[in-house]
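Novice: Spelled out from the first residue to the last, the chains are:
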Amino acid sequence: MSTSTFIAERHPSDPLFRADRLPHIWCPGCGIGPAMHAYAQAMVESEIPLARHVCVSGIGCTGRVPGYLNMDSYHTTHGRAIPFATAIAIVKPELEVTVYSGDGDLFAIGGNHFIHAARRNVDLNVICINNFNYGMTGGQVGPTTPMGARATTAPFGNYEQPFNLPYLAAATGAVFVARWTSLHLRQLKQAFLRAMKKRGFTFVEVLAPCPVGFGRPNDIGDAMEEMTLYRERCVVDASARLDSLDIDLRDKERPITLGNFVDIERPVFDPLAMMRPAGERENHAALAGKTQEG
Amino acid sequence: MPVIRSARVPLDRASVIVPAGRVYVIPQRCKECRFCIDFCPKDVLVTSTETNAKGYRYPVVAPGKEEACVHCEFCSLVCPEYAIFTVEGPRAEVPA
Amino acid sequence: MTVARADAVLTGQHFFLGDHAFAEGALAAGCRFFGGYPITPSTEVAERLARRLPEVGGIFVQMEDELASMAAIVGASVAGARAMTATSGPGFSLMMENLGLAAMMEVPCVVVNVQRGGPSTGLPTLVGQADVMQARWGSHGDYEIVAYSPASPQECFDLTVKAFNTADQFRIPVLLMADEVVAHMTERVTIPPPEAIPHVERKRPGQGPGDNGFLPFKADDDLIPPMVHAGEGYRVHFTGLTHDERGYPVLTGPAHDRLVRRLVDKIRLKAWQIVEYEEYRVEDARVVVIAYGSTARSARRAVTLAREQGIPAGLLRPITLWPFPGERVRKLAERVSAFVVPELNLGQLSREVERFTSLPVLGVNHAGGAMMPPEPILDVIREARG
Chain C
1 MSTSTFIAER
11 HPSDPLFRAD
21 RLPHIWCPGC
31 GIGPAMHAYA
41 QAMVESEIPL
51 ARHVCVSGIG
61 CTGRVPGYLN
71 MDSYHTTHGR
81 AIPFATAIAI
91 VKPELEVTVY
101 SGDGDLFAIG
111 GNHFIHAARR
121 NVDLNVICIN
131 NFNYGMTGGQ
141 VGPTTPMGAR
151 ATTAPFGNYE
161 QPFNLPYLAA
171 ATGAVFVARW
181 TSLHLRQLKQ
191 AFLRAMKKRG
201 FTFVEVLAPC
211 PVGFGRPNDI
221 GDAMEEMTLY
231 RERCVVDASA
241 RLDSLDIDLR
251 DKERPITLGN
261 FVDIERPVFD
271 PLAMMRPAGE
281 RENHAALAGK
291 TQEG
Chain P
1 MPVIRSARVP
11 LDRASVIVPA
21 GRVYVIPQRC
31 KECRFCIDFC
41 PKDVLVTSTE
51 TNAKGYRYPV
61 VAPGKEEACV
71 HCEFCSLVCP
81 EYAIFTVEGP
91 RAEVPA
Chain U
1 MTVARADAVL
11 TGQHFFLGDH
21 AFAEGALAAG
31 CRFFGGYPIT
41 PSTEVAERLA
51 RRLPEVGGIF
61 VQMEDELASM
71 AAIVGASVAG
81 ARAMTATSGP
91 GFSLMMENLG
101 LAAMMEVPCV
111 VVNVQRGGPS
121 TGLPTLVGQA
131 DVMQARWGSH
141 GDYEIVAYSP
151 ASPQECFDLT
161 VKAFNTADQF
171 RIPVLLMADE
181 VVAHMTERVT
191 IPPPEAIPHV
201 ERKRPGQGPG
211 DNGFLPFKAD
221 DDLIPPMVHA
231 GEGYRVHFTG
241 LTHDERGYPV
251 LTGPAHDRLV
261 RRLVDKIRLK
271 AWQIVEYEEY
281 RVEDARVVVI
291 AYGSTARSAR
301 RAVTLAREQG
311 IPAGLLRPIT
321 LWPFPGERVR
331 KLAERVSAFV
341 VPELNLGQLS
351 REVERFTSLP
361 VLGVNHAGGA
371 MMPPEPILDV
381 IREARG
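So the sequence lines, in the order shown, correspond to chains C, P and U.
First residue of the first sequence: 1, per this note's numbering; consecutive thereafter.
First residue of the second sequence: 1, per this note's numbering; consecutive thereafter.
First residue of the third sequence: 1, per this note's numbering; consecutive thereafter.
Okay, chain C solo, but in the shape it has when bound (with noise of 0.2 angstroms):
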């Protein structure tokens, strides 16, 4: 060994995550672990305390998220974290609440929770881990898929069209859009904190290797070869049409596009607001109309 590299225990970080628990269970280059890491920095860097910030996931991979965290934080049931952290934000309007899980748990199973949270502008913060497959059963077609590619439910290539994740996100009324990557990590920690300090409903796509389920079978090699696929191939332009950010890593001409896409106000969801003095209403209001214009 070279006498210049220092052998630690501990990780500057672990005080953020429940270090009893790690290594965690995520495959050799899975991508959630980076994306992880940032969104644990974020929170310090947020200026919300820790004990504020609450993480609620659903079922998958990145469904274990929140066990890895050292917060409060809840493992709920495959596709329903998103009306679990709805509640918690409208109980504890204090509480600076983060839904963090896969594109299979919050888009196929889970899609009508997002759509609506989204649509009511809950203030929620919502994270997607978009791997393109389902990973933890070990590789199979999910709602953000590409074409053509091979998963284990489907050998001949994929033959249903993807979901184009920040263009739905925008459509149903989310106030903040970003996509990055789990190589992007440090503009993926920018729009994290953005998206914590930002009331109201945002939503986050990570684009992140997952070696296994999705690259092995479909020629990507191995994690290494997807981040470099990241590096080369992906631009930033967060003035993109949100209807162009479709992603189909068959075509290698055809760029991954990144960015911080909406940033925007909209009334926020509260149950009591018409329990409100008119003023009140009005004001919040006038503030969503003033933001839009400008």
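FYI, nobody ran anything at the bench for these hints, they're computed from the structure.
One or more of the hints may lead you astray.
[What the hints assert, rightly or not] Each computed BS3-like pair below joins lysine-lysine, with the alpha-carbon atoms no more than 30 angstroms apart:
1) C:198 to C:92
2) U:203 to U:218
3) P:54 to P:65
4) U:270 to U:218
5) C:189 to P:42
6) U:266 to U:218
7) C:92 to C:252
8) U:203 to U:266
9) U:218 to C:92
10) U:270 to C:92
11) U:331 to U:270
12) P:42 to C:252
[What the hints assert, rightly or not] Away from chain P, derived, C-beta distances all over 12 angstroms, residues of chain C:
13) 112
14) 136
15) 146
16) 147
17) 150
18) 153
19) 157
20) 164
21) 209
22) 211
23) 222
24) 235
25) 255
26) 264
The structure presented is a predicted model; accordingly, all values stated were derived computationally and were not measured.
By construction, the Cβ of each residue, glycine as well, lies at the ideal position given by its N, Cα and C atoms.
Please build the complex by placing chains P and U on the supplied structure of chain C, with the hints as guidance.
Specialist: The following block gives chains P and U in isolation, referenced to the frame of chain C:
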């Protein structure tokens, strides 16, 4: 993939203070994804010759790169296992 | 924990719909979160709470479906609120998933199921009692459940208060298994003054969040761990996975048996304390009718008619369907000659009765659609008398 380095030299290069970093590794956490090695902007790291208990070769500082780390912390950010980090060491002036 | 607020408790005499009595019972119990989805014949619970909850600073949310409704009340409860939903058969089926989550995470909450005819869409506006076994076994895996069966609007109020207290005491989901007849019946309901409404506090940890040795799922001798809420600084982890006392997933057989056995035993060993029933003329009865909900009202009439005809009949009315008052059945079986079990299904609670006696158990069954009249019950009482 070939690494392309900029041929341009900043005018203030002589006066810039670049931080120096010391590399810390937690060998038992490493799963040998190589992200830290391949994405290090200064190519500081290589895989170890030894393996950890699970058979993975973890990152170590490459011979001749003992002074190369600039403490950009990208290895720490990109590591899926929280198995590597850098600590800012004594600053050194960039040799002209 | 929310305490009874004077304006939340409508102390006095009222003429209430059963569904409205559920709503007022919830408010009197300190319920401050309702997440629901419209479904006949429980919609009036939601409608009343949509008006009444905001008046007392509570939260009413009409969710996108019953999956979300159930998930939301579990979420509201982990944040510290007393929370309830109300539904009927099709929605109850959707709620089974997160009912299991509440059992596994030990999150108190209350679910009203106003039963209608099933399976599937069945008879949306007409009565049924066919979700009795679903209430007990509807979610996958082993768990115990507490299910109350109100037979009048007054009981809709009283048992809702009790359901919240039982849920908080044992950290479990509690069911109110009503039927359409009781829920749509209007009768006198007496609401006591706030100080006379029983209130059981959720057990809370003795140690503060700073204590590193705190184990959020370490049960006391009563097999119930104290509950911590989101945002209190304990940094707890709740999971639907099999977990240890730290709340961490441990996916092994021994850990699973330890956890599930505790979840089941915390109810089974206290079943004697939870079980409730009412009896009518059983002292010298030779034939005992066992009936619940609206059917118990007809059964009571049938017993009276049988007595007038010289047949020594009596009525055992389980107020808790689950835990079932089986020990009482076993005791009665020592001196009666038969049991008659009328119900608006093709034989559900009768199976439970059979577990506690070798005497004849005669069903009086109709799949639902109308209230059970006393006459067919009387006919079977006569038959049982021989």
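Novice: Now tell me, hint by hint, if it's right for this structure.
Specialist: To see whether the hints hold, each was checked on the structure:
| no. | hint | verdict |
| --- | --- | --- |
| 1 | C:198 to C:92 | holds (16 angstroms) |
| 2 | U:203 to U:218 | holds (13 angstroms) |
| 3 | P:54 to P:65 | holds (27 angstroms) |
| 4 | U:270 to U:218 | holds (19 angstroms) |
| 5 | C:189 to P:42 | holds (23 angstroms) |
| 6 | U:266 to U:218 | holds (13 angstroms) |
| 7 | C:92 to C:252 | violated (47 angstroms) |
| 8 | U:203 to U:266 | holds (14 angstroms) |
| 9 | U:218 to C:92 | holds (26 angstroms) |
| 10 | U:270 to C:92 | violated (33 angstroms) |
| 11 | U:331 to U:270 | holds (19 angstroms) |
| 12 | P:42 to C:252 | holds (28 angstroms) |
| 13 | 112 | holds (31 angstroms) |
| 14 | 136 | holds (16 angstroms) |
| 15 | 146 | holds (23 angstroms) |
| 16 | 147 | holds (27 angstroms) |
| 17 | 150 | holds (23 angstroms) |
| 18 | 153 | holds (26 angstroms) |
| 19 | 157 | holds (27 angstroms) |
| 20 | 164 | holds (26 angstroms) |
| 21 | 209 | violated (9 angstroms) |
| 22 | 211 | violated (8 angstroms) |
| 23 | 222 | violated (8 angstroms) |
| 24 | 235 | holds (17 angstroms) |
| 25 | 255 | holds (17 angstroms) |
| 26 | 264 | holds (29 angstroms) |
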